[in-house]
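Chemist: Using our numbering, you'd call the opening residue of the sequence shown number 1 and step up by one each time.
Hints in this document: simulated from the structure, not taken from any laboratory.
The reader is advised that the hints may include incorrect statements.
Unchecked claim - Pairs of lysine-lysine, BS3-like flavour, derived with a Cα cap of 30 Å: (1) Lys73 with Lys27; (2) Lys73 with Lys88; (3) Lys27 with Lys88.
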Amino acid sequence: MSEDMEVDDYSKGSSLPLAQFNARAVKSVEGWIIIVTNVHEEATEEDVNDFFSEFGEIRNLHLNLDRRTGYVKGYILIEYETSEEAYKAIQGARGTELLGQTLNADFCFVQPPPASKQRGSGRRGRSRSPDARSP
């Protein structure tokens, strides 16, 4: 991961958790993107824009449509200018109903939490392949 990538680290003294599973949100090239899942297939851009604009200014909104049916595939991507707006939208959308379906939301791009330190080469308990065995 490059050194110049902007990472929002709320774990240092702030009460805001970031993504699920202790991962840290990472800014995309242009802004902070969230993914919202379990979106009703008949949701329109206007429905989504009205719901999510109360959390901040939406820079970009992408509704992925099914080619065959023309309906929403079930997820949307929303870009906000700041991580605070994106975080408010995530908290506001989780567990909320839109057109009768309960939404789930999280940051789209995350940096996984640091891996726990393991001793050894990581090959513990594995057998060697037959070609690597000496005759």
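Chemist: In ascending order, which of the hints set out earlier in this document are inconsistent with the structure?
Modeler: Structure breaks no hint.
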